[in-house]
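There are 2 protein chains.
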Amino acid sequence: MIFRVQILGSGSATPRLHRNPSAQYVNVLERHILIDCAEGTQIQMQKYKVKPQRIQHILISHLHGDHYLGLIGLLSSMHLNSRKKPVHIYAPEGLKEIVNMQLHYSKTTLGFDLIFHPLVGNQPEKIFEDKLIEIWTIPLEHRIYCNGFLIKEKEKPRNISKEAIKKHGIPIAMMHRLAKGEDWVQPDGAILPNEELTINPPAPRSFAYCSDTRYSEKIVDTIQGIDLLYHEATFLNNLKDRAKKTYHSTAEQAARIAKLCGAKQLIIGHFSARYMEVEAFEEEAGATFENVKAVNDGDIYDI
Amino acid sequence: MIFRVQILGSGSATPRLHRNPSAQYVNVLERHILIDCAEGTQIQMQKYKVKPQRIQHILISHLHGDHYLGLIGLLSSMHLNSRKKPVHIYAPEGLKEIVNMQLHYSKTTLGFDLIFHPLVGNQPEKIFEDKLIEIWTIPLEHRIYCNGFLIKEKEKPRNISKEAIKKHGIPIAMMHRLAKGEDWVQPDGAILPNEELTINPPAPRSFAYCSDTRYSEKIVDTIQGIDLLYHEATFLNNLKDRAKKTYHSTAEQAARIAKLCGAKQLIIGHFSARYMEVEAFEEEAGATFENVKAVNDGDIYDI
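These protein sequence lines map, in sequence, to chains A and B.
Numbering of the first sequence is given in our numbering, commencing with residue 835 and proceeding in unit increments.
Numbering of the second sequence is given in our numbering, commencing with residue 835 and proceeding in unit increments.
Just so you know, these hints were derived from the structure itself, not from any lab.
Since we're looking at a predicted model, the values are computed, not measured.
Warning: the hint list may mix true and false statements.
Claimed, not checked - Straight-line C-alpha distance at most 16 Å; calculated EDC-like pairs for lysine to aspartate or glutamate:
| # | chain 1 | residue 1 | chain 2 | residue 2 |
| --- | --- | --- | --- | --- |
| 1 | B | Lys881 | B | Asp1133 |
| 2 | B | Lys988 | B | Asp1017 |
| 3 | B | Lys930 | A | Glu931 |
| 4 | A | Lys930 | B | Glu931 |
Pulled out of the complex, with its shape left as it was, chain A reads as follows (with noise of 0.2 Å):
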């Protein structure tokens, strides 16, 4: 039952050798995503044994070049190594105009679809789900339209107790009613609360991906109850004017939202590469909120 969150990218605008920009890989239930896609992120998923051929839809938060630059040269990549499967792009706008105007300079037609979901909302919306999961966007506050993205299970069928089944001659056609949360209403009438039959499935779980923005308490109500956050800290908490003046995040920030909607676990990264070392980041958030990590290239996060 995976799911995990690879970091391909934890820096900021500019790239460095040991930092690519932002990029993270995705796998729930074996649903492939990739969520935004810097210069260099293909790279990156050779280096840490993603396989670009697996994914299947790529959420991009907003269009500044360290969040999509690597999408075009993905895509060529994909083509040339023959993809056949589609792949679903759920992006600001313009990022349909961008791709086939390279495609179109290129004179290349790929050989799978490419099929843009565009971006307008300014309110948390469903954007994908299939019977096991579901995504939504989180609008943040960046210099320019940008979404975070929230992944999470379904509700699952609630485990049926084998053993309360027995006991009551509940015949095997009840089952799924049951698992979904029906009574059992006995042939002399009298009811079975569902309950006494069946025992409360592991809680759905949930990630949310916010990067780029500005400290905002208007995405709590969406990421309430979160297992994992990551949250953009791209400055320390003496730089917090620079911060809200750049549409950034402080570490600070970071775990202030983490604790507004009672996370379980928090990652921050998008350091701007003014900093060579992170392990502020980390002292920094965890004054506020204990349970924080500032993540490296190619960690793994398991929910």
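Since the structure of chain A is already known, use the hints to place chain B on it.
Chain B only, in chain A's frame:
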């Protein structure tokens, strides 16, 4: 008197961990030139300690992704690092539109001038000169419009023989005329020919970059007597049909061009990702042209 070529990427379409796609840095007499700029080139520059802010001219051969996708990221980083000096870009026409669209959607106004020099010709054309060097296009045969580039020193002034000057008592004011090749008319009217007063200057040095291209002898005149020739060799000769079909060359074909133009040294690259080792390229080319090297990322060639 530096004339140095540094390989920043020696692979073809799809990047590999130890072989990035095309980019080369040329320092000719402190003119700093970047030829092609694949995705990840700015990272390669960090790795090989090439300073982006020194680059004055960027030459783009054609609009396949593995030759230009790193450009917008490089320009963004130059901007974020407070560049003020202009950048000249020599490239096929569409590139200006692509770059401007990406700047538009990221709401970025660069802090320096970006001067596009669109390339449209089908004959060799001088696209830059100053007092010491010239840059020419080398039209190539590829699937889309594509140019190689010839970078050469101008003819140097003749070296004046101090002994001859002293012996004949020639005035200082004459020196620049002697350097240009003039004879000296002595006070008695007798002529002292220039070659008795001066020594041949070093021959002007030259470098040609020919990628991507099908085997074509049309380029031989333009690069006749070249000191250092970089010619693409995407395939080995057992795939020469494939090379022709995809508008690429084989190692043997690159060597034939080097031989035909009387090159002093041949370097080959743009190897297809199917080849893990490239010794076979050197061997195949070496049978036709002895002084050949299959390049690796980071290699430096001094002329």
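Structure-based check of all given hints:
For the hint linking lysine 881 of chain B to aspartate 1133 of chain B, the alpha-carbon distance of about 12 Å falls within 16 Å, and the restraint holds. Between lysine 988 of chain B and aspartate 1017 of chain B, the direct Cα distance comes to roughly 22 Å. Violation of the 16 Å bound is thereby established for this hinted pair. With a CA separation close to 15 Å, the supplied pair lysine 930 of chain B and glutamate 931 of chain A stays within the 16 Å bound. Proposed proximity of lysine 930 of chain A and glutamate 931 of chain B is supported: the alpha carbons are some 15 Å apart, at most 16 Å.
In this structure, only the earlier hint numbered 2 is contradicted, and the remaining ones agree with it.
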